[in-house]
Amino acid sequence: MFDQLFDAALFDSVVRAMIPILLAALGGMICERAGVFQIAMEGMMLSGAFAAVAGSYVAVYSGLGVVFAVGAGVLVSLMLAFGAVSRRGDPIVLGIALNLMAIGLTGFLLPQIFGVRGVFQHERIDGLDRLAIPVLSDIPWIGSVLFNQTILAYVAFLLVPILWLVLFRTPIGLRLRGVGERPLAAESLGVSPIAYKYGAVIASGVLSGLAGAQLALGNVVQFAENMSSGRGWVAVVAVMLGRAHPFAVFGASLLFAFAEGLGFRLQGNGLPVQITDALPFLVTLIALIAARKRFARLLDLTTGG
Amino acid sequence: MSLALEFRGITKRFPGVLANDAIDMKVEAGHIHAVVGENGAGKTTLMSILFGLYPADAGEILVSGERVRFTSALEAIRAGLGMVHQAFRLFPTLSVADNVVFRDEPTRRGMIDRAAGAEGVGALAERYGLAVDPRAVVETLPVGVLQRVEILKALYRDARILILDEPTAVLTPQERDKLFEVIRRLRDAGRTILFITHKLGEVMAVSDRVTVLRDGRSVADLVTAETNPTEIARYMTGRQVDLDRRAPAHEAGGAVLTVTDLTVTGQHGRAAVKNVSLEVRAGEIVGVAGIAGNGQSELIEAVTGLRDVPDGSIHLHGNDISTSEVLTRRLAGMAYIPEDRHGVGTSHLATVSNNLLLGHQRRDGFQSKGWFDRKAVRHHARRLIETYGIRSGPINSPVSTLSGGNLQKVVVAREMSHGAPLLIAEQPTRGVDIAAIEFIHDRLITFRDDGGAVLLVSAELSEIRALSTRILVMFDGRIVAELDPAEVDEAAIGYYMTGAHEEALSG
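First to last, the protein sequences are chains R and E.
FYI, the working numbering numbers position 57 of the first sequence as 63, with every residue one higher than the one before it.
FYI, the working numbering numbers position 97 of the second sequence as 81, with every residue one higher than the one before it.
Each hint should be verified, as a subset may be incorrect.
Said to hold, decoys possible - If you anchor each label on the Cβ, the simulated ranges turn out as follows: (1) F174/R - T312/E: 49 to 55 Å; (2) P167/R - G113/E: 37 to 43 Å; (3) Q70/E - A296/R: 36 to 42 Å.
These aren't lab readings, by the way, just hints derived from the structure by calculation.
Yeah, the Cβ is synthetic: ideal placement off N, Cα and C, and Gly gets one too.
Construct the entire structure; sequences and hints are all you get.
Quick look at the structure:
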């Protein structure tokens, strides 16, 4: 039974499930550090997925798809930044509104632009190639899984240590954390909380856009209505569970991706799809309850001060 | 004489208030200059104008003889000004060094050079006698040290003029004396200090000159050595003030509140109150002194029923109320003036009248058939407003429109009109002006003389000494001393507050 479950194919599907979650969660982490409670990753990711397919379709080139995806993510992030930072709106209400807007807007544009409903597949849509890294990809098991991924997957993995360095070792990271912790203190030393918060929200727009591109051009090559299907929300929980620390966020993303990959596999083994689909969220729920106190502290940090 | 700072005819008008009315003030370089005044005298407005938070309607400011008009805190810092705010502006999870170098970080190859930062901050701290470990995380440090970090922030940016806003409000007497030493050392090193306070003893102790503000005007500019506290107080209030009032001792009656072997768990599951026993009798005020965070809040929360009591007992008039609901305790005869008048003491969106009603609403006469008797409610509010001299607009305006002093009077009026034999008073006069302090103190003394029992918690040692029949000192969750206010001075109380007596014993 276990031999059938745990093989390289499972780990490949775990890594694929992980990339979008990790990209979005890293963006959410930056926002968390800047004191913006970011829950609009779901909408940014979905908009990014749609734009990625549109861009790739127009140019028959996945590169333009990625550019479009980033643009869409940034566009949504600007709405969030304007509402939550400039106008001091409630980021939770705004986030939910943006997430719902993304579902509605992509669902509306799909038939308007491409003349189909539900799922859009086309030979013009150029998917992201898998880039096998020479030598490393020949390592049995791990190599074929970790070193035979899309460019966005490598970006996601590299960002984990890079963001750690930026956050904890550079002036810009210190200021970002300062802004998130005590905006007034930062301002009194001449660091603009508004500028840093805008920067953080836009960065999360870029990363969630990339997450969408990976989803629609990497994991599959198509756009399906509501195809982000909760991954943005899982990323929100990954930020909390990882206490906005790059390596811990990576770990949390891996946990949720594992649940998703395992669910997918169990589905193949005959479990009802409704149950396997629920698995990632069941894990999320357990994680939420298990780490309740941590969330209390984090929420305290973001809403207070 | 050279001037470090000069204000010329600064005027600032807010809707309905003239906050600064042609204020003139000259601060000599290398001096410690005190600025005193009651709340609302215009001190805060004047400093906000200096730091560019908002522009003055008229007048000009000169720094070292040059006209300046800052539009941001950064410009003020660059011009050599440093401000230590009353509420510290520090990052709790960052180290001392990171807090100090923030935005002016030493770097090596794009990364923060933490070794250089810690070294620089350490050297600076040593030069001015500001004992602090640069690598310590700020949230683990006591307030006295946090203030040193704030001063270091200003010195790191080479502030020539250091402004301290009510710097002693959070300090023990020992910490205060250390701060004064630092201030003097800074002055001797040629820096200028602007010391904002309302405590006259400190003005006398540390300043070279003093400017008194009242109702937005500068009413006096005095050389400290040539004046005295009574004269300054007269300028501050515009009338004669009796500074050294002392409540005469009184014969206490039977026990009203008895706390026995109480242990309370605080945040993070640590014991915040450890094995505390105390008694408050009818006709006495028991004052609890201590540095904030030594279990006073948790003790009060346990007594009032806001926090569970895992161990020990609380009796009110002989009835065990250790596990009773808040309502049961109140009905048994407990009234409570909470420390946080905004968050706990009042409902800030509700009207003045409704806030005065809170807790009284169940009593007969306020309700009929499930509806409030609006006339009775109005009458109740008007009566309290008159008795307690609350300056408020229409009684149906939100309570948040009241000033701090009047808001506190709303809480005091409501709680003291319950006729409860036990009153818990937590920081009853924090942040209110002298007139309101006098009034609230008079009320507490009258309550005591009428046979009421008061458990008073205050960070203000002068208040503890002026009101208390007995003083209990809390340190590290325990009561470490019981003192007679007639026999001890503030330094002696402070000695116990810091736990110094235990070090003396064990060392």
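*Against the structure, test the hints numbered earlier, and report the numbers of the ones violated in rising order.*
none
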